[in-house]
Amino acid sequence: MSDPGTHPDRGYLLDASGPAAPPRDNGELVFAAPWESRAFGVALALHDSGRIEWEDFRQALIADIGEWEATHPSGEGWSYYECWLRSLERVVSGQGLVGSDDVRARAAVLAARPAGHDHGEAGHHH
Amino acid sequence: MTSAAELLDPALRVEALASLLTERGLIDETTIDTFIKTYEQSVGPMNGAKVVARAWTDAEYRIRLLAEGTPAIAELGFKGPQGEHIVVLENTPTVHNVVVCTLCSCYPWPVLGLPPSWYKDPAYRSRVVREPRQVLREFGLDLDDHVEIRVHDSSSEVRYMVLPERPAGTENLSEEDLAALVTRDAMVGVAKVAAP
Numbered sequence: 006m007s008d009p010g011t012h013p014d015r016g017y018l019l020d021a022s023g024p025a026a027p028p029r030d031n032g033e034l035v036f037a038a039p040w041e042s043r044a045f046g047v048a049l050a051l052h053d054s055g056r057i058e059w060e061d062f063r064q065a066l067i068a069d070i071g072e073w074e075a076t077h078p079s080g081e082g083w084s085y086y087e088c089w090l091r092s093l094e095r096v097v098s099g100q101g102l103v104g105s106d107d108v109r110a111r112a113a114v115l116a117a118r119p120a121g122h123d124h125g126e127a128g129h130h131h
Numbered sequence: 003m004t005s006a007a008e009l010l011d012p013a014l015r016v017e018a019l020a021s022l023l024t025e026r027g028l029i030d031e032t033t034i035d036t037f038i039k040t041y042e043q044s045v046g047p048m049n050g051a052k053v054v055a056r057a058w059t060d061a062e063y064r065i066r067l068l069a070e071g072t073p074a075i076a077e078l079g080f081k082g083p084q085g086e087h088i089v090v091l092e093n094t095p096t097v098h099n100v101v102v103c104t105l106c107s108c109y110p111w112p113v114l115g116l117p118p119s120w121y122k123d124p125a126y127r128s129r130v131v132r133e134p135r136q137v138l139r140e141f142g143l144d145l146d147d148h149v150e151i152r153v154h155d156s157s158s159e160v161r162y163m164v165l166p167e168r169p170a171g172t173e174n175l176s177e178e179d180l181a182a183l184v185t186r187d188a189m190v191g192v193a194k195v196a197a198p
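In the order they appear, the protein sequences are chains A and B.
Counting from 1 along the first sequence, just add 5 to a position and that's the residue number in this note's numbering.
Counting from 1 along the second sequence, just add 2 to a position and that's the residue number in this note's numbering.
Since the hints were derived computationally from the structure, they do not count as laboratory data.
In this text the structure is predicted, and so the values were computed from the model without any measurement.
Hints are not guaranteed to be accurate.
[Unchecked claim] What follows is a set of in silico ranges between Cβ atoms, one per label pair, in the way DEER data are often shown:
| # | chain 1 | residue 1 | chain 2 | residue 2 | range |
| --- | --- | --- | --- | --- | --- |
| 1 | A | A37 | B | E86 | 24 to 30 Å |
| 2 | B | V131 | A | G55 | 32 to 38 Å |
| 3 | B | E70 | A | R56 | 47 to 53 Å |
| 4 | B | D179 | A | T76 | 45 to 51 Å |
| 5 | B | E31 | A | G82 | 43 to 49 Å |
[What the hints assert, rightly or not] Here are a few chain A residues that face chain B, going by a calculated C-beta distance under 10 Å:
| # | residue |
| --- | --- |
| 6 | I70 |
| 7 | G71 |
| 8 | A116 |
Each residue gets a CB set at the ideal place from its N, CA and C atoms; glycine is no exception.
Please model the entire structure based on the sequences and the hints provided.
Structure, rendered in structure tokens:
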């Protein structure tokens, strides 16, 4: 890994100082929230270990985005990574790796943790 | 299609999924973290900028790059997921190429990293095909009417990258200084490379 403080990421730097023009979003982070990066990382890890085919995931993502767009003509409430996560859940369930009931049950357990407990991302330091 | 799980907080659903997959030995935390860090920190438009600067300064390399993108890009050490079939499109004074993925978000990760949010947005994905000249104008790129705009829609196989025009007045710049001029937006085709 290169040091983010010194690597020659001039493309980003120039962008961040460029003229702002919609729909452009200058200087943005790669992920808007930690859960988005986790959803990304889980999908890549599943593909890397040969548990899912990337094309299966891509087709699920295309279907999910298409469905979202068909039911939200105004485009309001768009979240790319929510589509990504739904598609991932479907492929993982479809491959018989983890069923949606199991995910639901585990999420309920995580939600019931006492207040102050580190949720998800913050608890994954190594 | 909507299940009860989808009504839960996505952060909880991701953690539920990740914990179950790791417990079952299907993935491990180290691999997840490595992928996240790689695409947050190491892989991004600075890679593509080096490819562009090399093509501007090495005529033989430019020919190889335009003939077959992926192996020429791998010469500089850039490879990986979403880079198996990269096609490089050359912008000229009369042809301007711009890239989109109308169905999802296909993008040449090894050279550009992960796409910006506007690239994934339904508005860009539908509008740039219908009215490319107007969309480019909104990005601040006002092309003359005689310039032909070609919109390239990524398919399941091909990932496109634009080779922008080298700006005038940069004849004396080094390859490294040239790379510093090249932006992500120029390599997607929604901007030109500005002279220093």
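Structure-based check of all given hints:
no.	hint	in the structure
1	A:A37 / B:E86: 24 to 30 Å	holds (28 Å)
2	B:V131 / A:G55: 32 to 38 Å	holds (35 Å)
3	B:E70 / A:R56: 47 to 53 Å	violated (31 Å)
4	B:D179 / A:T76: 45 to 51 Å	holds (49 Å)
5	B:E31 / A:G82: 43 to 49 Å	violated (31 Å)
6	I70	holds (6 Å)
7	G71	holds (7 Å)
8	A116	holds (5 Å)
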